[in-house]
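Chemist: The primary structure of each chain is shown beneath.
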Amino acid sequence: MRSDPAEYELIAPGKLPSILSLLAQQPGQWLPIAGGTDVMVQFAAGKLAARRLVSIWNLPELRGIEIASDEIRIGAGCTYTNLREHEIIAREFQLLARAARWTGGIANQNRGTLGGNIVNASPAADSLPALLAYEAELILVSVRGERRVPYVGFHTDYKRMNLQPDELIRTICLRRNLSGYFHFARKVGARNAQAISKLCVAAVGRIEIGRVAGGRTANVVGDVRIALGSVAPTPLRLTEVERMVQGQSITPELLQSASRAAMASIQPIDDIRSTAKYRSAVAGNLVVEFLDQLCTSGTQRE
Amino acid sequence: MRDTFENGPKIDRSLGELSLCDLSLTVNGTARTVRVYPMQRLLDVLRNELGLTGTKEGCGEGECGSCAVLMNGELVNSCLIPALQAANSDLVTIEGFAGNPQFTALQSAFLECGGAQCGICTPGMILASQHLLTKNPEPTLDDIREALSGNLCRCTGYMQIFEAVARAAQLRSIV
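In the order they appear, the protein sequences are chains Z and U.
Here numbering that gives the first Met the number 0 is used: the first residue of the first sequence is 0, the next is one more, and so on.
Here numbering that gives the first Met the number 0 is used: the first residue of the second sequence is 0, the next is one more, and so on.
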């Protein structure tokens, strides 16, 4: 059943302080809508529970990408197009630029926002594994002020997050401390565009010189961060796998163990896009592919 | 960047109906004002209030691109845009673009290459192609595929459309 626009209110105060006051005075009454690429799909399907919406599209305070020497700060209202076309994001945070390129099609990328992707909180959201791999921090804003929180742990369960009813995400902060890291991402889906992932991975890692058995030095895994989407109620960092591989030489045995550990860490389901069995197998394969390519990247740098 | 809505449409509650508003925007170069619900889809405003039926509905959920228009120069799916968010914007539909000299090369190329059969996807395909050629006058086949990845066609099998876009790029570079 289509929704009837006559039954909905949508206002656009146009200024962030006015909107925050509204959210504070009437918490839970007004649903923020940015680019609308998720909300309007629910509206079209007759599944939008909220009847009152407040537009946060194109608010100057939520746009813009600030570059500091140690971090970049991305306005939550930035679109996927803004992300993929930004020189520094494309160079230093490739996984986020790639996620933006892999989201929907061009028309969706021109409207969908990074903040919207976070708050819509689909476990299959394209940008979230990259935010986990980059250890992003979020700045949340309300009439009470701002607070800065790590993105990891922000999503607590399916579509649940540590966001107060009167809060908006204002900024996503990414530290520029990835010099020498190898970046890896795959989105597994039915086609190259306009596909929700069956599975997706974003991972970064470094190869370092370490000591192995027998006192030799060898290339070992240094810092590594592996994040998967579509395998649990929220995007997931594979901390068990990371612990297992850190400080180790990459050998066929390690790859096998990492694959098994990855499969044990996730809770995939059967749904309209894929099956738990397929997701499980592919998760193991993607972790192996990442570690294998990480190993090669370290060897090439010698 | 467009103005936000400080001077935006006034919400009229005097009718006893929920929030009809007077929406002002530029459509195909002409200033228009329409009286609509803020949550009316831009697609419906274009087709119903403005009589511009060149923009089509294929899926209603932003996946097929038949509803694509250019808003402030950016390709967007009008089925996903609430009318209020189009206030003060500069819209170009297929009807408006058809009057643009840049359209000629695309039209010739589509005819030459068989890029249209039933024509339902065609307005969206043309606007997506225009959006591409504006940013990238010499696209590769991969560039074309990506630029049109949000436009679905049930008739052609796509190759004729990609060839048409490549041909149009060629024609435009000759001028």
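Heads up, a few of these hints could be off.
[What the hints assert, rightly or not] DMTMM-like mimics (lysine to aspartate or glutamate), calculated; alpha carbons at most 20 Å apart, straight line:
(1) Z:K46 / Z:D3
(2) U:K134 / U:E73
(3) Z:K46 / U:D21
(4) U:K134 / Z:E84
(5) Z:K46 / Z:E84
(6) Z:K158 / Z:E60
(7) U:K134 / Z:E86
(8) Z:K14 / Z:E145
(9) Z:K14 / Z:E86
[What the hints assert, rightly or not] Stretches of chain U that chain Z covers, calculated by requiring three or more beta carbons in the stretch to come under 8 Å of a beta carbon on chain Z:
(10) 24-34
(11) 115-121
Because the hints were derived from the structure by calculation, they are not lab data.
Owing to the predicted nature of the structure, the values given are computational and were not obtained by experimental measurement.
Yeah, the Cβ is synthetic: ideal placement off N, Cα and C, and Gly gets one too.
Chemist: Check the structure against each numbered hint from earlier and tell me which ones fail, lowest number first.
Modeler: Failing hints, ascending: 3, 5, 6, 9, 10 and 11.
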